[in-house]
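**Q** Listed below are the residues making up each chain.
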Amino acid sequence: MPRRGVAPVLACANLAPDRRLMDKAALSHEIREIIVRELKLEGKTPADIDEQAPLFGEGLGLDSLDALQLAMVIEETYQVKIPDGGEERRIFASVASIADFIARSRVATSVGQGRS
Amino acid sequence: MRVFVTGIGIVSPLAIGAEKTMDRLVSGARAFRPVTLFDTADQCTHQAAEVAGLSVSDVAPSGDRKAWSRTDAMAAIAAREALAAARIDPATTAIDLAIGGTTGGMFETERLLAEMHRDPNRREPLELMLSHPLSATSDRLRAAIGPFRRARSVCSACSGGANAILLGAAWIRAGRAHSVLAGGADGLCRLTFTGFNALSAVAPDACRPFDRRRSGLGLGEGAAFLVLESDVSLRERGGEPIAELAGWGVGSEAHHITNPERGGDTAAALVTKALLCGGLSSRDLDYVNAHGTGTPLNDAMEAAALRKALGPEADRIPVSSCKGQIGHTLGAAGAIEAAVTVLAIARGELPPTGGLEDPDPDCNLVHVIGRGKKATVRAALSNSFGFGGTDTVLLFTRPSLARKQHAPAQRRPIVVTGAATLGALGLHGSEGSREYLEAGPPATSAKLEFEAKDHFDLGRARRMDRSARLLAMAMQVAVKEANGQSALSELGAIAGSAYGTVDSSAEFIRRIYEKGARLASPMVFPNLVPSSPVGHAAIYLGIRGPVLSTADLGVTGEAAFGLACELLEVGEARAMLAGGVEEHSAITERVLGPVCSGSANWKGVRTEGASIVVLEDEAHAAARGAKPLCNVIHVAGGRGTFSAAAASLPEPPRGRAIAVGARRDESTLSALAMTGWASVPFFDVASRAGNHEGLGGFCIAAAAAAIAAGRADGALVLGIAPDRWAAIVLGGR
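Those protein sequence lines, which keep their order, are chains S and C.
With my numbering applied, the first sequence covers 1 to 116.
With my numbering applied, the second sequence covers 1001 to 1733.
Check before you lean on any hint, since a few could be wrong.
[Unchecked claim] Listed next, with one range per pair, are the computed distances between beta-carbon atoms: (1) S:R90 to C:K1020: 46 to 52 Å; (2) S:A53 to C:E1357: 39 to 45 Å; (3) C:S1027 to S:D84: 57 to 63 Å; (4) C:L1297 to S:K81: 34 to 40 Å; (5) S:A53 to C:Y1513: 35 to 41 Å.
[Unchecked claim] The list that follows gives simulated cross-link-like pairs (lysine-lysine, BS3-like), each with its CA atoms no further than 27 Å apart: (6) C:K1515 to S:K40; (7) S:K40 to S:K81; (8) C:K1374 to C:K1020; (9) S:K44 to C:K1453; (10) C:K1447 to S:K40; (11) C:K1447 to S:K44.
[To be verified] Looking from chain S toward chain C, a few residues come up when the C-beta cut is under 10 Å (computed): (12) E42; (13) G61; (14) A67.
Source of the hints: derived by calculation from the structure; they are not laboratory data.
Note that CB positions come from ideal geometry on N, CA and C, so glycine has one too.
All chains, full assembly: derive it from the sequences and hints.
**A** Set out below in structure tokens:
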């Protein structure tokens, strides 16, 4: 069982100022790492997830609870804001579409104040 | 035995008091306001339905004012009102207590837990920590309002309050009680507010059940109790019944930890079952008080279920949900809403669905919109559908003592057909569990080592946290041993967990304090509900009967066993898995355990473990050709000291008898000395297993195995803890 404790993503959030400028391949890999770790896909590795394959419904078969978790972690790690109102389906369709969204985001809206 | 309602007490966000609450509900008043109990600046939503004018220190007995939680205070007020209405004084009338809840004292302990995660050795303020276990509220009620002969705390998330009422009714039907105070209480706290927001389940503006624009629930808090009485008791004391609890149905969806199954098939089946149970059809029904949370999924599911079950009568029968006015009161909801349903019958008035303006065509029901209305109500249903999918439907009717009794008190004989333990000696069925009675090396390590992939389909098990996995591992072995495949369809499960998932709760809260509410973990939150481990395990195993969790500090495993027997003996399930789990936690090990269960003197290792016993009614076991390990001869338990109960224990059998207890300690041995079993060999399991809340199940498993192996003809399992006890007698075939 993964150890309980401070989620590793907290460490990520303190690193390089703008992770959205990462190399696309590295970003894609990191997203897949996040998926495996945060959604508890034991027995899977990042390499097992096809960048273009559907994440929800078919393909990896994730559900709405996974979507919420993933959205929270992506927002925190990359300091992006996922727009409300239906955009999420498109953004989260695949690893590639998530990577695209992150790379395109210009607005560094701080989500989750935390330290107030 | 028939079950009547003779008293009602309600504390709600609309008013303190049953009649006042109903007046305000019928008037269409809504209780959502900006939250005052905690800061919501970092939250996605900012409203809730809080109980106003609640002063915990006014309600708590002097000397206890620092320890009582809001939940305790609301429970006490509602309990007192119900008892006064029924004109029952616990000091002079034997009455039992069944209470549902989820958060307990979490509002008071959450900051503490966050800090304890940083410093697991912190022990102050001590009194506040005693609010943490699920059984705390029932303990406080007993101290302030009791005595109660028997007191059980149950958790099944949003259906807990309804299941407490169902349990109280079961005791009466079995002839085990004539009066029961049954209900639920839950206080608002930052943890649940944050968690539901993290799930995007909270409506940003207002809760609108069944509305086309509905977007989520509104949170509330409160408490309610019904006094349930048998017809015999009523006749004897010339009491006036308010309504009859005429039917019920409970079952599980085995679908998902937060989402309801789309078509509402389970809920529909339970509506049908409740009507059948009460000897009625949908033509006799005049009102449905819906679960109606205001989430897109629930309301559509519930409407579909009601259409399926009520047929063309759904075009006539009005439906409304209180949650549009008082919010979702979690463990109290089933009780508050049952109370409102009874008041609807008694007053001939239906409350509206607050917030409903434009009904969703997918929720094609007869809605009550705006203000409430007068109506003749012969019979009404109250629905409660819980996280993890345990659904409960209660059917109330006008009272009519004159009708002939339709069922004598029944108690089906019960047998044990399998058992398993997961502990210091590994994962074993009943025979391997006998080893815990033998002398040998003590448990040395706090944590169990295992590879999840050796026990689970990882894809299906991925959301199960440690507690759920420990429990499911024991369940799988126990079910296999009982030749379980044929039993599964009528199988329920009750697992006890006194502290819940302490470490996860502490981590969840700490993250809120450090990172803000918007970064709370949506996936972790559902796992924090005390009923989550058994809920997850039940979903994994496909269990469709009643699924509940319980807690009773120091005798949790024994309490789960007793609760399972109480449901089996009246046929609420045909087979039940009963057990307990405690997962390793630094906070439990160093603080909660010693402080709360009084085992500060325990010298050995606090360990983790899980146990499950398979219980069946004898006829069901015989029909499927199962070979029982032993019979269940006697199950008893209560609050206070054991001495008064010692005399009522059956005598040991002729032949070899044994006594088994969790720990070889002074209180257990002196209790044993008071019984007819004083001179039989006594075995404890903690010497080999270490100490944890699930030990009662280890005792039962080992004792049952000893009988099955022919090493004993009977066994007494004795659980003794501060201010409570449990005694189970098992016999040979």
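**Q** Starting from the hint 35 to 41 Å, judge whether the C-beta atoms of A53 (chain S) and Y1513 (chain C) obey it.
**A** holds, 38 Å
**Q** Classify the hint on E42 (chain S) as holds or violated, based on whether any CB of chain C lies nearer than 10 Å to its CB.
**A** holds, 5 Å
**Q** If you draw a straight line from the CA of K40 (chain S) to the CA of K81 (chain S), is it 27 Å or shorter?
**A** Distance ~23 Å between K40 (chain S) and K81 (chain S) Cα, so the pair holds.
**Q** Taking only the CA atoms, is the gap from K44 (chain S) to K1453 (chain C) under or equal to 27 Å?
**A** The given pair, whose Cα atoms are some 12 Å apart, holds under the 27 Å limit.
**Q** If I claimed the Cβ atoms of L1297 (chain C) and K81 (chain S) lie 34 to 40 Å apart, would that claim hold in this structure?
**A** violated, 25 Å
**Q** Next pair to validate is K1515 (chain C) with K40 (chain S); report whether the Cα-Cα distance is within 27 Å.
**A** Holds: K1515 (chain C) and K40 (chain S) sit about 22 Å apart, inside 27 Å.
**Q** Answer holds if the nearest beta-carbon of chain C is closer than 10 Å to that of G61 (chain S); otherwise answer violated.
**A** Cβ of G61 (chain S) sits 8 Å from chain C, so the hint holds.
**Q** How does the Cβ-Cβ distance of S1027 (chain C) and D84 (chain S) compare with 57 to 63 Å: does it lie in that range?
**A** violated, 35 Å
**Q** Within 27 Å, alpha carbon to alpha carbon, are K1447 (chain C) and K40 (chain S)?
**A** holds, 21 Å
**Q** Has the hinted range 46 to 52 Å been met by the Cβ atoms of R90 (chain S) and K1020 (chain C)?
**A** Roughly 50 Å apart at Cβ, these two residues keep to the hinted range, so it holds.
**Q** Given the hint that K1447 (chain C) pairs with K44 (chain S), does the C-alpha gap stay at or below 27 Å?
**A** Holds: K1447 (chain C) and K44 (chain S) sit about 25 Å apart, inside 27 Å.
**Q** Is the gap between the beta carbons of A53 (chain S) and E1357 (chain C) within 39 to 45 Å?
**A** This hint holds: roughly 43 Å between Cβ atoms.
Figure legend: structure checked against the earlier numbered hints; hints not met, in rising order: 3 and 4.
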